[in-house]
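Mind docking chains C and U on chain B? Use the hints.
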Amino acid sequence: MTTVATVKGTLRKRSVRIGLVVLAWIVLAFVLRGLNTLVLPTSENTPFTSVLRQAAASIRGNRTQSGAFIYFFNPIRAFVESFIEVIRAVISLPAGNNIIPLVGWLGVVAIIGFIVYATSNWRTSLLAMGLMFLCGVLGMWTFTMDTLAMTLGAVILSLAVGLPLGVWAGLSDRVLAVLRPGLDLAQILPTLVYLAPLALFFLIGTAAATIATMIYSIPIAIRITSHAIRSLNAGPVEAGVSMGSTRWQLLTKVQLPMAKHTIALGVNQTMMAALSFVVIAALIGAPGLGKPVVAALIIRDVGDGVVAGLAVVFLAIMLDRATTAAVARTGTFVHESGRARTRRRIGLGAAFVAMVVAIVLSRYELWAAVFPPNLVMGDTIASATSAASEWITTNLYFLTTGFREFVTVGFLNPLETMLADAPWYLTIIMISLIGALIGGRKAAITSFVLLALIVLTGLWNDTMVTLAQVLIATVIVMLVGVAVGVLVGRSRRVERWMKPILDAGQTLPAFVYLVPVLALFGPTRFAAIACGFFYAAPIVVRVVADGVRDVPSSMVEAATAAGSTKAQIITKVQLPASKRSLMLGANQGLIFVLAVVVIGGFVGAGGLGYLVIVGQSKPELQGKGLAAGLAILFLGVVLDRIAQAGAGRRGRGDAA
Amino acid sequence: MKKLAMRQVGIVSVFAAVGLMVAACGGGVNSAASSAAPAATAAASAAASAAASEAAPAADCGDWGVAMHAWVGYTASAQVLTNVAKSLGCNITQTTLDEGGVTYDAMEAGSVDVIIEDWGGGRWQEWVDRGAIQDVGSNGNIGLIGMFVPQWMADKYPDITDSANLNKYSDLFKTSESGDKGAWYEGPPGYTTIGEKIIAANKLNYKIISTGSEAALIELFTAASKNNTAALGYFYEPQNFLAKVPLARINFPANDWTDAEKASGLTDYPKTDLQKLATAKLMESGSPFATLVKNFSWTNADQNAVALDIESGMTPEEAAQKWIDANPDKVAAWTAG
Amino acid sequence: MTASVIEPTLTVPQAASAISVRSLWKVFGPNADRIVGSPEADLSRAALLESTGCVAAVRDVSFDVLPGEVFVVMGLSGSGKSTLVRCLTRLIEPTAGSVLLNGEDVLTASPARLRELRRTAFSMVFQHFGLLPHRKVIDNIAYSLEINGVKKDARYARANEVIELVGLHGYANHYPEQLSGGMQQRVGLARALAVDPQVMFLDEPFSALDPLIRRDMQAEVIRLHHDLGKTMVFITHDLSEAMKLGDRIAIMRDGAVVQMGTPEELVASPADDYVADFIRDIPKSHVLTVRAIARPLQPGEDSTGPEIDVTTIVRDATPVIIGARRPVKVIENGVLVGFVTSDDVLRLIGSDGVDGP
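These protein sequences, in sequence, are chains B, C and U. Heads up, the first sequence is in this note's numbering, so the first residue is 773 and it goes up one at a time. Heads up, the second sequence is in this note's numbering, so the first residue is 87 and it goes up one at a time. Heads up, the third sequence is in this note's numbering, so the first residue is 49 and it goes up one at a time.
Looking at chain B on its own, in the form it has when it is part of the complex:
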């Protein structure tokens, strides 16, 4: 009891100190309001951004002459591009004057069905084929195939790089130590940020989009593969050594076969990551479903956006279920008995024949080659959705607008005033102080240095505008996430009910719900906050629910036996006991929100995201866009370090 009391005492002391810092901050920010805010008009460059701009221009200018391009970037680009084009030639891109690619829609559906059947089971195969058919019904067949081709190509290339590196990092501590900073950074870095620099080196198009996707998904492949090797049961590995295996024999005959299941899980994760990124990569010319999503976003057509988004979701579910089912088959090492195997072989043979017939049909029969237009219902769905959203914006105006105004006037504006309208040095000192109180000297120094660097980029004020949005969104996410997470964690029934929603929320690329959110809330900062909320809520709910569920049942029983009410059990036992999960959730929430609030630049949220986007289209502001990317990165690291210190752990879990 005494230790609990002491811990609580210090906690209270620390939170009191943080409270005092915040109070002083508010007072000082009010007093010094408007001084040294470092506001920089969007159209103006700083010395730093000018340097970046010139650097970018000289890179562009050197593309045809510099050795780095001729011998390094251009060959990579050519290789990646031709690799993707080969896949596209089969399923999505007709050559020359052809109407269809190598295989028509029916053939593609059949190939997918056969592969899924061969790697998992017929039920999943039917589901996969059905989902693909639905993509056609949405009128998104060609876009879907482009996205599928991009995703598959990027995944294959990512695995070709990520699996060997992951295995190596799994076997060698030194390699892991070298890779770790990069892996950690990749988790923080918002996706939008590296599109522009990559486009600079690999030009706009499929190659740059694929490479950007790889940069996003390779760290995931490495992380999970190395975790798979490291978390192996030590017994069989030791037995393998004791029987005189060479390192290579040990790897190929013992470690890899045993790690197969976890590695397959990594393939699934890599694929989902690649898919969500391919959609975003439409911004730098990736073909596929991202195109209609971006177009719908720009011309603000909710219906079209939702139809394209639905196709993304169908494709995501298809890839997820197919790989999950294949992974499940690797869960057991036991192979089926002789008779089952014979039956399966017959099934495979029949499926193969059906596939070949379908492919042939899809090349000779028009209805099987081009998705029949009379089956396409995309326009109907689009206009229905548009009408529904129209209805909501007109009739629920008071709800959406009311809530938006409540948050904007009540919280966002005051916070933005405090962060962005106060002198920069005040904000830096206060954030570093809070960093020190939460995470000690190291967190404080990191915060101070990185924030000072942001000042040097000249984008201080925009960074603070973004920060205000990130913080508000995170608070909302945490409020809702903890409430829902507790419900999910306490009740199996709620969990079963919520699981599909959470799954969909996590597989849905962030980009997709910008369109409906924009329709509901208009081009405002709150729209960006709402996007951040929708993107981060599933992960926060999940982490909190896991935390609550992992509270030992004996603790809950003891509390119940002592006569606690339900509310007392939640507030006095389950939440305090899962504090670590809550902090982890807050950390994840922050990072996820940051990633999307940046995309919010598209919906009128201003700040750094807007600069990134402006930088892409206005050559004179390209340096500023690149600098904004850096500022986002620095801000992300600061937030992550402080939140991580708050969660009281060093380094992230491997499988997180």
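Hints may contain errors.
Covered stretches of chain C (in silico footprint by chain B; criterion: 3 or more residues with CB under 8 Å from a CB of chain B, positions within the stretch not fixed) [said to hold, decoys possible]:
#	region
1	262 to 268
2	274 to 287
3	410 to 421
Which residues of chain B face chain U? A few of them, derived with a C-beta cut under 10 Å, are [stated by the list, open to error]:
#	residue
4	Asn1005
5	Ala1006
6	Gly1007
7	Pro1008
8	Val1009
9	Ser1014
10	Gly1016
11	Thr1018
12	Gln1021
13	Leu1023
14	Lys1025
15	Val1026
16	Pro1029
17	Met1030
18	Phe1105
19	Val1106
Keep in mind the hints are simulated off the structure, nothing from the lab. Glycine included, every Cβ here is placed at the ideal spot set by N, Cα and C.
Frame of chain B, contents of chains C and U only:
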């Protein structure tokens, strides 16, 4: 077992490969298409309907990319260009990209060949200097960007269209986004915008609110006109929306465009001849598409007609085809070498 | 305590032993190799940790294992017995000392030679079986042969022989997860036997099993040892298992061997309180031979009783002794070494439980 799994993957891929090879024998639908079987073409590409039969498919036109930008007027121009090009036997890929640098980069990379309407007034110079892009001249449209208010405001406050009086009315334009200043709804990120410079040069008490899209602006003005609420926002001509919802343009002090030095203190948007840009690769190819791009030219009224059809529910392909069918002489002039 | 103290049989000619271990050390921690030979080596475990941050898991262990012998290393958890057995095959590299296998120094063997030794000369059975979950029983058993380049037919033939030997008939195509713990450890045994090793190391092979199955498996080991005569080094924390299986037993504590000897020697004369405490619960009559209770003939006693061999376990001799109703002659190599009566037996049995610290 590892081996078994590998074998499984192997078997599957061999199966798939064999299947593909079997299926790849013969041309199938594709060969039917190149011999111009009417049923196949009609269903496959709605765009190629009428023109397909009259123009002989020219194999030497080639594969070209047309950049798509996000405003309706652009869609109208680009779609008409695409439809005519397809009737010449060109294989056209449309790629939606942000205006400006991104698209220029895409052109340099070779994934896009034509911008049919660029408002940027020379910002492409760097790419032209490198020989990647050529300025192919005006497309016949004249662009005028400006800041607008709904007509009811101009009626109620007649002096509001004079920028000198904007500060007097700034209270009308306050929102939760703009704080104690008036809200100045700026054009989307990709558009040519100089709002900040105008505000500074005219010492206006307004705050820039960035909008994500043209549609946001349309919605802003539609709502403001319907509900008689205040709105000050970016807009431009040619844009058929102005015919449906009348807006009043704010007049700022004119710029002196004769002197580049003075023009740097911009106070209003200039009138712009909208430009066609194309890759050197296209223009030097001798393709009929290059000729088409070079000759393409139409009026603001032409563009508005197509845009209006698109907005009232036609697909861009249908709307473009309707105009093409109605204006065979103009099209013929474009395609004549 | 019984009077007769017997010298532990420590000294065996080195050339004759299958394994000969001399002054073996394993120290974990920073600069571990500096500890051996320094004065710090003599510190107690706690003091060593305090002063150097190192832990001596194995300290100065020496012993010999004779060909065909079952040598048991016994100790509580943390006593260093598992580290010791891993040092013998260099799954853990020892800090100092020597390990000779048939006269060849294992510790200086090149990596290639070490692999060859592991593939052919010794084999190991693990507490948690260590079976490869992705391989069928037969492929688990044939693994060593496989990595040594034996052709499939030959290795399957050998694997099938061993499968019969350990009573796994009909399970060749099962996967480990389809078998019970006892059956899995039979696979472990079969795998260790498959290469026909000179020495088998068994690291607490039965501690993860239920008591009943453990007894079966102990019987199995005794049978296999009887049939095949393999040299075995057997690690256990269970004294009764040690007594049942071991020809000789080394008792370890804090990394060092406290006492080494036959079960009889240990029970008859524990070296210190630690060992005594250990063996307190062992029924002496189950371990000691009649030698321990043989005595000269008392005046007035009948000298015509039946004869028994001096190596007979007291428990086994009891029916004869009680049935004789007179002193029984204890014979060693045809020579009379003493007499035993039922009273002597009862006294021995009675001392169990009364005796002790």
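Comparing the hints with the structure gives:
1. 262 to 268: holds (count 3)
2. 274 to 287: Check passed, 7 qualifying residues.
3. 410 to 421: Violated, because only 0 residues of the region 410 to 421 of chain C bring their Cβ atoms closer than 8 Å to Cβ atoms of chain B.
4. Asn1005: Holds, because the Cβ-Cβ distance from B:Asn1005 to chain U comes to roughly 8 Å (cut-off 10 Å).
5. Ala1006: 9 Å, holds
6. Gly1007: 4 Å, holds
7. Pro1008: This hint holds: B:Pro1008 lies near chain U, its Cβ roughly 5 Å from the closest one there, short of 10 Å.
8. Val1009: 8 Å, holds
9. Ser1014: 4 Å, holds
10. Gly1016: With Cβ-Cβ at 3 Å, under 10 Å, it holds.
11. Thr1018: 7 Å, holds
12. Gln1021: 5 Å, holds
13. Leu1023: 12 Å, violated
14. Lys1025: 7 Å, holds
15. Val1026: 6 Å, holds
16. Pro1029: Interface hint status for B:Pro1029: holds (4 Å vs cutoff 10 Å).
17. Met1030: 6 Å, holds
18. Phe1105: 4 Å, holds
19. Val1106: Holds. Min distance 4 Å.
Checked against the numbered hints given earlier, this structure breaks hints 3 and 13; the rest are met.
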